[in-house]
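Taken in sequence, the protein lines are chains A and B. Take the first sequence: its position 25, counting from 1, is numbered 25 in my numbering, and each next residue is one higher. Take the second sequence: its position 109, counting from 1, is numbered 109 in my numbering, and each next residue is one higher.
Keep in mind the hints are simulated off the structure, nothing from the lab. Be a bit skeptical, because a hint or two may be false.
As the list claims (entries may be wrong) - Under the rule of at most 20 Å between Cα atoms (straight-line distance), these lysine to aspartate or glutamate pairs were calculated in the DMTMM-like manner:
| hint | chain 1 | residue 1 | chain 2 | residue 2 |
| --- | --- | --- | --- | --- |
| 1 | A | K54 | B | E143 |
| 2 | B | K119 | A | D65 |
| 3 | A | K54 | B | E15 |
| 4 | B | K119 | A | E73 |
| 5 | B | K119 | B | E136 |
| 6 | A | K42 | A | E60 |
| 7 | A | K42 | A | D65 |
| 8 | A | K12 | A | D28 |
| 9 | A | K54 | B | D142 |
| 10 | A | K12 | B | E136 |
| 11 | A | K54 | B | E58 |
What the hints assert, rightly or not - Which bits of chain B does chain A cover? Going by a derived footprint, with three or more residues having C-beta under 8 Å, they are:
| hint | region |
| --- | --- |
| 12 | 65-79 |
| 13 | 108-122 |
| 14 | 133-139 |
The beta carbon of each residue, even a glycine, is placed where N, CA and C say it ideally should be.
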Amino acid sequence: MKILYFAWLRTKIGVATETVDLPAEVRDVGALVEWLKTRSPKHADALANSTVVKVAVNQEHVPYDHPVGPGDEVALFPPVTGG
Amino acid sequence: MTVRVQSEDFDVGAELAALTGGKTGIGGVTLFVGLVRDMAGGESVSAMTLEHYPGMTERQLEAIEAEARARWPLDDALIIHRYGRLEPGDRIVLVATASAHREAAFESCHFLIDWLKTKAPFWKMEATPEGERWVEAKESDDEAAARWTKPA
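Can you build the whole structure from these sequences, using the hints too?
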C-alpha cells in the first residue's frame, strides 16, 4: 500500500511517501493509523492526535471506519487550509 | 467549467474576458480573488508557501464545481488555485461564476470558496519573524462551509 503524508505530517515523519505491507488485521482507516504509529517514534508523535489527522483513500476524503486494502493509495494530512 | 492548479499568477481581466467571450446569455459574473495577507494572528507574514496533493486537488475542485452546477443555473465557472511560494499581496485563488442572473452567480461563488476551503487539499505555511509555521484550520471555515449543507 502506498502512503502519502502532507504538510506537518510530512515534516514530522520525515518522508513524503512510503510503501508498506499491510498486516491482514488492518482493514480500515482507524486500524491503519494505529498501525502506522508503531512504525517509528516519529510516526507515533505525528499521529498522536487523530482529531487533526485527516485521511483520503484513493483521493477521496473518508472517515476512520472506511475500509482499506493493499491496492489503495492512502494520504494522511492535517485539516486543509487552502483558499 | 474549468479548474486549474498552477504556480504561476493569473490575470483576472483576461480570465473574465475568456469566461464570458461569445456567451451573450450571461447576465452577470461574480469573482472572488483571495490574496496573501501581510499579517496573521498579530504577527507579520513575509511569505507563504502552499503545498497541495496533485491529483486529489483537481478531483476535489472538479467535484465541488460540479456540485455548484447542480445547485445553480450557471453558464460557466472557473476555479484557479496557486501553489508554491507567494508573498503578501500575491493572488492565491480565483473563483468566478457566470449566470443569467446575479443571485445564482453570487451564491454559487460564495459556496465554491467556502467549500474549497474545507475540501481542497491545500496547506499553507507562513514565514514569520518567529520562523516558519503551518497555518491551522479555522473552526469558522467549517461553519462557513456547513451553511451550504443541504437539509437531510
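Comparing the hints with the structure gives:
About 18 Å separates the Cα atoms of A:K54 and B:E143, which keeps this hinted pair within 20 Å; it holds. Restraint check: the Cα-Cα separation between B:K119 and A:D65 comes to about 19 Å, which is no more than 20 Å; the hinted pair holds. Taking the CA atoms of A:K54 and B:E15, the gap is about 34 Å. The hint is violated against a cut of 20 Å. Among the hinted pairs, B:K119 with A:E73 is consistent with the structure: their alpha-carbon atoms are about 18 Å apart, no more than 20 Å.
At most 20 Å may separate the alpha-carbon atoms for a hinted pair to count; B:K119 and B:E136 meet this at roughly 15 Å. Distance restraint check for A:K42 and A:E60: the Cα-Cα separation of roughly 26 Å exceeds the 20 Å cut-off, and the hinted pair is therefore not satisfied. A threshold of 20 Å between alpha carbons decides the hint, and for A:K42 with A:D65 the separation of about 24 Å lies outside it, so the pair is violated. At roughly 23 Å between alpha-carbon atoms, A:K12 and A:D28 are farther apart than 20 Å, so this suggested pair is violated.
As the CA atoms of A:K54 and B:D142 are separated by approximately 14 Å, the hinted pair is consistent with the 20 Å bound. For the given pair, A:K12 sits about 15 Å from B:E136 by alpha-carbon distance, which is consistent with the 20 Å threshold. For a cut-off of 20 Å, the pair hint linking A:K54 to B:E58 stands: about 18 Å separates their Cα positions. With 0 residues having a beta carbon nearer than 8 Å to a beta carbon of chain A, the region 65-79 of chain B misses the requirement of three or more and the stated coverage is violated.
Note: the region 108-122 of chain B has 8 residues with beta-carbon separation from chain A under 8 Å; the three-residue rule is met and the coverage holds. Note: the region 133-139 of chain B has 4 residues with beta-carbon separation from chain A under 8 Å; the three-residue rule is met and the coverage holds.
In summary, the numbered hints that this structure violates are 3, 6, 7, 8 and 12.
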